[in-house]
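Student: Okay, here's what each chain looks like letter by letter:
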Amino acid sequence: MMTPLLSISGLSAISLRERGAPILRDVSLSLARGEVRGLVGESGAGKSTIAKALLGILPGTVKVTAGEIRFEGRDLLTMPQKDFRAIMGSDIALIPQDPQTALNPGRRIEAQLTDGLRLRRGMDAKNARERALSLLAEVHIRDPERVLKAYPHELSGGMRQRIMIASAFSLEPKLVVADEPTTALDVTVQKQILRLIRGMQEAHGTAVIFVTHDLGVVAKICDTVTLLYGGKVIEAGPTAAVLSHPRHAYTRALIAAGPRYDRPDAGLEPVPQAVFDQLQAELAMPFSSEMNHG
Amino acid sequence: MTSLSLLNRLAMALITLFGVAVIVFVLLRVVPGDPVAMMISPGASEADIAALRAHYGLDASLSVQFAVWMKAILSGDFGTSISLHRDVLELLAERLPATLELAGAALVFAVMLGLFIAVFATLTSRTRLAPLVDTLNGLFLAVPDFIWALALVLVFGVLMPVFPLSGRINPDVQEGFHTQFFLLESLLTLRFSSLVDISMHMIMPVLALGLPLASIITKVLKQALAEAMVQDYILLARLKGMSRLRLVLQEALRNAIGPTIALTGVQFTFLIGGTVIVERIFAYPGIGNMAIDAVINRDLPLIQGLVLVFGAMFILVNLASDALVAWFNPRMEG
Numbered sequence: 017m018m019t020p021l022l023s024i025s026g027l028s029a030i031s032l033r034e035r036g037a038p039i040l041r042d043v044s045l046s047l048a049r050g051e052v053r054g055l056v057g058e059s060g061a062g063k064s065t066i067a068k069a070l071l072g073i074l075p076g077t078v079k080v081t082a083g084e085i086r087f088e089g090r091d092l093l094t095m096p097q098k099d100f101r102a103i104m105g106s107d108i109a110l111i112p113q114d115p116q117t118a119l120n121p122g123r124r125i126e127a128q129l130t131d132g133l134r135l136r137r138g139m140d141a142k143n144a145r146e147r148a149l150s151l152l153a154e155v156h157i158r159d160p161e162r163v164l165k166a167y168p169h170e171l172s173g174g175m176r177q178r179i180m181i182a183s184a185f186s187l188e189p190k191l192v193v194a195d196e197p198t199t200a201l202d203v204t205v206q207k208q209i210l211r212l213i214r215g216m217q218e219a220h221g222t223a224v225i226f227v228t229h230d231l232g233v234v235a236k237i238c239d240t241v242t243l244l245y246g247g248k249v250i251e252a253g254p255t256a257a258v259l260s261h262p263r264h265a266y267t268r269a270l271i272a273a274g275p276r277y278d279r280p281d282a283g284l285e286p287v288p289q290a291v292f293d294q295l296q297a298e299l300a301m302p303f304s305s306e307m308n309h310g
Numbered sequence: 055m056t057s058l059s060l061l062n063r064l065a066m067a068l069i070t071l072f073g074v075a076v077i078v079f080v081l082l083r084v085v086p087g088d089p090v091a092m093m094i095s096p097g098a099s100e101a102d103i104a105a106l107r108a109h110y111g112l113d114a115s116l117s118v119q120f121a122v123w124m125k126a127i128l129s130g131d132f133g134t135s136i137s138l139h140r141d142v143l144e145l146l147a148e149r150l151p152a153t154l155e156l157a158g159a160a161l162v163f164a165v166m167l168g169l170f171i172a173v174f175a176t177l178t179s180r181t182r183l184a185p186l187v188d189t190l191n192g193l194f195l196a197v198p199d200f201i202w203a204l205a206l207v208l209v210f211g212v213l214m215p216v217f218p219l220s221g222r223i224n225p226d227v228q229e230g231f232h233t234q235f236f237l238l239e240s241l242l243t244l245r246f247s248s249l250v251d252i253s254m255h256m257i258m259p260v261l262a263l264g265l266p267l268a269s270i271i272t273k274v275l276k277q278a279l280a281e282a283m284v285q286d287y288i289l290l291a292r293l294k295g296m297s298r299l300r301l302v303l304q305e306a307l308r309n310a311i312g313p314t315i316a317l318t319g320v321q322f323t324f325l326i327g328g329t330v331i332v333e334r335i336f337a338y339p340g341i342g343n344m345a346i347d348a349v350i351n352r353d354l355p356l357i358q359g360l361v362l363v364f365g366a367m368f369i370l371v372n373l374a375s376d377a378l379v380a381w382f383n384p385r386m387e388g
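Line order of the protein sequences matches chains A and B.
Per my numbering, the very first residue in the first sequence carries number 17; after that it's consecutive.
Per my numbering, the very first residue in the second sequence carries number 55; after that it's consecutive.
Isolated chain B (complex conformation) (with noise of 0.2 Å):
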């Protein structure tokens, strides 16, 4: 991507950002649901109603709460969290960084299943394995994350109890992190007991959240290379000797990867859509788990302050593919 490019999209993003912005903000406000009526014991007083609502500004008309809102975002303040009365940005600053290494893991074991299913079916694609093969990976598209991650549970936490069922990380090792990257900090810092730990606990919401990711990479993947395996420099390349695991790695991959990162971003935003429902099941405590916790408690700021960083990964997770796309297709330099 040239700079200019660059440019125009990082400004797309931010007009993005800021429909993100608008829509949550007016649908938070036309749907029912009181966030006063949940602060307050029931009997209130009209007068204490309104001074609280009075105090959040919740009195205001729409478009000056808006701005006030947009004004305070801009100066660093998201607000503050109506049911657990703590700053948003420091709740989110404690919260995301679970939800980004639980993503991050899925994401690369999603990769590297679907590239090491991909590959494998299409060096077998003569074989009697080949419709094994699809005929597998059609069952695994058909399940979705949740429904893996209930399974999971009763499987390796209940019937054969060898993975943690809950959380991020026990308690006794959690102490002397400096950040809350546990995973990457642990792997950074060779803490091996915490980093086994973390694992553990990652296992199986990782397989849930990844599995449905890897099956559609591998689907992608294998047709853009069945693609690519037909093509005439493929032919030829064969004809001057190469083996069929060079062809297909050397030759057909680097032409069908591209098609297959800019599917597996897409992908990537439900995956990290789906870690609001999985680390719920997982009582894994990411910013998806808080989410919902917000929206039962009809916490204002903290939904918009969630929403907005859901957002902004959806869209930084675009630009991310997008450069790796062009990156991978040598026409789209320059």
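Same shape as in the complex, but just chain A (with noise of 0.2 Å):
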């Protein structure tokens, strides 16, 4: 087998502001190239520690005790700074949650979504201008020419989260971690957005992590799924599998809670209260081996 792009193992984390209370337990999973993993739990459940981690943006509040996070086999936790540097950014981009707030208010999007190839690739502003423009076609987008000329606030959501689409693909990654990407716009625009991250990961080849909290999200684009909760792996595996045939009554419960769009009237079904016992009474007894199920 080849080496997979992307390895976290044992990674563990604990928040220092909560006297070191754990926020990642042991979490392993690896991702190989092409691959898109959906990352998905509720608040809380460490997903988003995942990536800070991976991105190397953890706020000081939190410390990764353990672990190593692997990609194209180096460890990005302990490689210097300046290796860590080059490969954010071009091999790793990250689309991010708000692209209300991922947009500097104060400039034009032709000098925003041409930083990193002037930087990165050093090309001129002529050139950069044109992969601008191509990119922004890439991404749907119907009048790139006077979309380079305006302001954020001139965008709506959608078109702004198609330019943060555009930026992260615009070095041509092998990973991009996508950070909510979605909860931040309307419905109608959410099914868009999470078909064009899917089209542009198939053309670049490009392995996406894709951080949600919605299992429905999960099954319209992820290959794999990885589930957390407190901090820990519940389940993993093929997403097909996963949802077809949870192991853990956690992922059922999940699967159960979600809205039956066959079926609108059977209103949701809360997570049974037995179930959450069931996740304290595991996440108390650390690293046990049953926990791995994927």
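Treat the hints as calculated values from the structure; they're not laboratory data.
Keep in mind the model is a prediction, meaning the values are calculated, not measured.
Warning: the hint list may mix true and false statements.
A short, non-exhaustive set of chain B residues, derived as facing chain A with CB atoms under 8 Å [unchecked claim]:
| # | residue |
| --- | --- |
| 1 | L112 |
| 2 | D113 |
| 3 | A291 |
| 4 | K294 |
| 5 | M296 |
| 6 | R298 |
| 7 | L299 |
| 8 | E305 |
| 9 | R308 |
| 10 | N309 |
| 11 | W381 |
Glycine included, every Cβ here is placed at the ideal spot set by N, Cα and C.
Once you've looked at the hints, go ahead and assemble the two chains, each given alone in its own frame, into the complex.
Tutor: Below, the structure written as structure tokens:
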């Protein structure tokens, strides 16, 4: 088997603010080239922490206590700063959660979209502009010339997220981290954005880590899924298998809790208290081997 | 700003100025202190006093006096100074440039220093220098302009006399100026001898006026930069490989500068107010210094003219800072 593009093993982290409360507990996952993996969990499950650790943007209040994050075989956590900075943005890019705050309100789109091309690829302004135009066309923006001249506030949320996607793919990264990229958007736009990310990913052969709390989103675009609770991997595997044959009671409860579009009158099923009790009991036994289903 | 809102603002400014005129006029006439008593020698007869009152129109009712004064001002007649026996407008034209240059220089100094320290503090925010910068700036914030003025006089005027203690320019180099804007004129005509002399005279008052403003700018801009630096767009720019200096100057500063300019505008009006006392301390021949003499002498026409000029300056500064804020914020265009 080929070495995976990304392999996280035994990653543990604690919160310095909450007297060392564990945030990640022995998390392991791996990602092949071109694979789309969903990182799913409710808030506080640790999915964002994994993404941040990977991008090297953990807040000062979180400390990694064990584990490694190997990207193309090299540990991102221990490599020299200089090497890390060369990889970040170039080989690993981020699609942020909120396109409102992810674009600088004081700069035109052209400047922001061509920063990476000029700084990282040494393109001159004219070439960078050409590339930006073709990127905008690729994310289905109809009037790229006008958009390049615009300030962020002149564009809709969906447009801005398309620009963020264009920006993330602009340097042909090997891995894109998408941090809940549709939660801040209108429901009607969400679907288009999901399709767009999947389309870009397929066209460029990019691997994607898709952070979300929505199993429905995972079902739509992820090849594989890792489900987290309380900083621990609860279940992992190919999306179809996990969703059709969940092994853990929590996964089953989550699937049942999702809205049923075929039966809108059915109402939502809350996750039963017994499942939470079981989860708490499992979290209380650190590093138990029974937990590693995937 | 669109032309319509500009017109609006100008109309508002005129109304404000009229309000200032009313208030200063009424205030000056209800506070104790009789200008006639200041002018006339003790022991003058009642008739003499009444005659003098009539001469200056001080015997008419308040509303009539105001109407007469307003009418005169609108025709460009600010009256004659009671204590200096000269045309008020002439006096203002002579002294205002000195104050404008002083305040302008203090503003430029404060903005440059504040900008530099705020950017420096942001770049070093995670180092051991950070608390030092904060503490020093807190100290500077607490010291008002006149304390600076007195301390500077003590240190650089008395203990180590490196700067001239008073005045605006050495009389030897004062010859040959076409305007009262000595500093500007020397700069534009490259008269280095007078430029050096004027700068030496200005350093201490500029420091006294500018240091408090600089520390306020530092505090506000540093705060605004800190807020900008945690935004997602900074994070993404950092991932794109930008250096920290570039992040601060290119990404954060533009968004942080708006609130800073708005506040600098307000604070600059305080600085202009501060020229009154600072000019006094350094015997600097501006309108601030003149204002104190005018008040001491109950020189009503001069006080009124001075207050109107100060009022107009405040209003213009506010207009200018609003325009600058709008210019820096693309969201406020059109």
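Student: What hint numbers does the structure not satisfy?
Tutor: Checked against the structure, the hints that fail are numbers 1, 2, 6, 7, 11, while the rest are satisfied.
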